[in-house]
Amino acid sequence: MPNVDLGGIINNSAILSVHKPGRYVGREPNIIIKEGLVDFTIALAFPDVYEVGMSHVGLKILYHLLNTLPGVQAERVFVPWPDMGKLMRQRGIPLYSLERKLPVVSFDLLGISLQHELNYTNVLYLLDLAGIPFYSEERGDNFPLIVGGGPCAFNPEPLAPFFDFFFIGEAEEGFPEIVRVLREVKGEPKENILRLLSHLEGVYVPAFRKPVKKRWVQNLDAVLYPSTMVVPYVSIIHDRIPIEISRGCTRGCRFCQAGIIYRPRRERSPQKIVELAQSLVDTTGYEEVSLVSLSSTDYSSIDSLLRALSLLFGPRKVNISLPSLRMDAFSVEIAKELQKVRKSGLTFAPEAGNERLRAVINKHLKDEEILSTVEKAFTSGWEDLKLYFMIGLPEERDTDVGDIARLVAEILRVGKACRGKKVDIHLSIAAFIPKPHTPFQWVAQERRECLNEKMKLLTSRLRTLGKSVRFHWSCFEMSAIEALLARGDARLAKVIERVYRRDGFMEGWSEFFDGRRWEEALQEEGLSLDEYVYKPGSFEEPFPWDWIDCGVRKELLWREYEKARRGEFTPSCWNGFECSQCGVCS
Amino acid sequence: MGRFRYRLKHWKMNPFHLLSQLDLTRMWDRIVRRARLPVAYSQGFNPRPLFSFAPATPLGVESRAEYVDVIFQEEFSPDTLSQMLRPCLPSELRLEEVVPIPLQAPSLAQSVVGVLYSFSFFYPPWEKEDPPFPEGVAVEYIKEEGDILCVCFRFTGKEVLLNPLKFASFLHETHGCCVPFRIVKEEVILNLGG
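Protein sequence lines correspond, in order, to chains L and V.
Heads up: the first sequence at position 301 corresponds to 301 in the working numbering, and the numbers run straight through without jumps.
So the number in the working numbering is just where the residue sits in the second sequence, counting from 1, plus 1000.
Pulled out of the complex, with its shape left as it was, chain L reads as follows:
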């Protein structure tokens, strides 16, 4: 199939009416376009705009991993911002890949990354722009096979009718094998291919439903991590080199889905990380390396790793950053070490306002630890802190919400004592969402009206603290839809389609989200939020995601839920020490 003729758009002054047109150009340093024989093509699609998709580490890994396979060419695809989408439709330009500007419909395999539930309608936006029928059963042999993966694939049901198959788990383990199989059977009838795929471990084919166990990498050093990366010209959300230093987290926060589905915790060796950092800085020229993981200060040799990286990159003015700091004195020490090149803000996540509720969520931080950590931060020179809190947590009372303001007042008092009036505290408050595969999967989400009441209470308390405390909170209507899609079953596919048909795309962007579309679509399908979101579950009641095995036993999750209700602590396990018998390592 010929390349998409972008001349009509790129050369035309109409493109100037589009926001950030640079994101549609491609041609960035380090893209891969193979010269030799290519007989299997993969479009790696991210159902959000360029700057979000390009920030995603998983996409970078997949891009390089699949392009190492002989005969295989993987190319990137992002959905356009609505203004460009409209222009493409007007000019008859189909969705295209950035590397060779090929129409998405011409690829052999279309892989869609499922990172966030509110992007589900963007999957249809993507297919629509590509000219691909939405439902798997409507697509014959002449369309690309469509695979979904990522954390949302751990409950694939709401999207199941749209996809041909899902891959559950970590791509490095198993996905290249799937591509090799697909390359071999290319040209066979789709049904035969899907039947064959359904026998592979980690693959879920909705047409042949059977229990699936996630694939995971035993040794991070043994699998590919890209030693070069595409360098965008336009600014993206996380505009830096991400190096994944560890995968998984065993802190066991009971609301956290990533903490469960990415178990067990594994580390990349410091030698490998330094080697990667060197190669990545040399080949990308980036000014910052971010050491990515779910809890970076848990990395066993974080201290010596940071020293080695600072020595190497300090003279080249390359900044090192850690995105996820625990709230302890050690983390502040580490952050101080990181400030040598450039100074940036400091972010912590106490999540709840008092020790009782933090015990419920298994985040055992005492108020005095929090205060001594912030004191250390303020005396070390920081003047602004960002803090994350959640409301609507299980077992939460109004007094707990008030305690967020009490704790912030204490932090402010400490800050003012150390830094005077310059202190600036920024709170980000989100609604708790009961995600699948977590100990809180049995919990009902708090209704929007209750969350609004709690937020009203919290707002009135926080306002008394003056201008030094700024705060914003998430849209609770969006949180309810996120919970709906996270917990949904296959009946929601029709709801997703109805919302899309009402121009409901880019729903993850508050300026485009409209809750009424969801309410109407649910009603038309005879469904309601009550059934999916506001109803607590019992252990016996099956979930739509029950037959996706994330490695952690359901019994363990239930035990953790019971411990949460009693406010009991479960220690972090690492290397078998204080093992909670979650089942993943076995």
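If you're looking for bench data, these hints aren't it; they were derived computationally from the structure.
Ideal placement from N, C-alpha and C gives every residue a C-beta, glycine not left out.
Be careful, since some hints might not be right.
[As the list claims (entries may be wrong)] One-sided excerpt, in silico: chain V residues whose CB lies under 8 Å from chain L:
1) I1031
2) R1034
3) L1059
4) V1179
Knowing the structure of chain L, use the given hints to seat chain V on it.
Relative to the frame of chain L, chain V by itself:
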């Protein structure tokens, strides 16, 4: 540690005319790091590489005359710098020239005294006589290439920074001229005497 200033001239042709000035700033920072060139940095909490740019070309306008001054900690011959930087740039952004200049020479922003922009039209934009243009804008030359008419304007004086896109809409709105389908910054006239 020494300081050596060089003036680089490069293109920004289609499709890179869709990059903003901020995109180019980031691009240069990364290019010199990829080329392992020892660029000098500003002091302070947030050290920045010492680049300074000529007034920005508006997004959507192509250019054969993008200028950037960069200060390195070491002295290089212009040829060596060209050889190190050229492979880092695609052909549409190609490096045209590297010239060493005195550290104390006036900045690019101070040195610009004129800009030549060529406007490409499918139809003659006006009949017979030139319409009255704003002060500081004059026709430099007109070229016919098949069906396409290319008018090159010289922007000078106070209007030197006049946005060519705004000028195109001025022509359209005030004189009913057709809208150019392509605008290229052909050259920047620098007063090297300061």
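Requested in this report: If any of the earlier hints don't hold here, list their numbers in rising order.
Outcome: none
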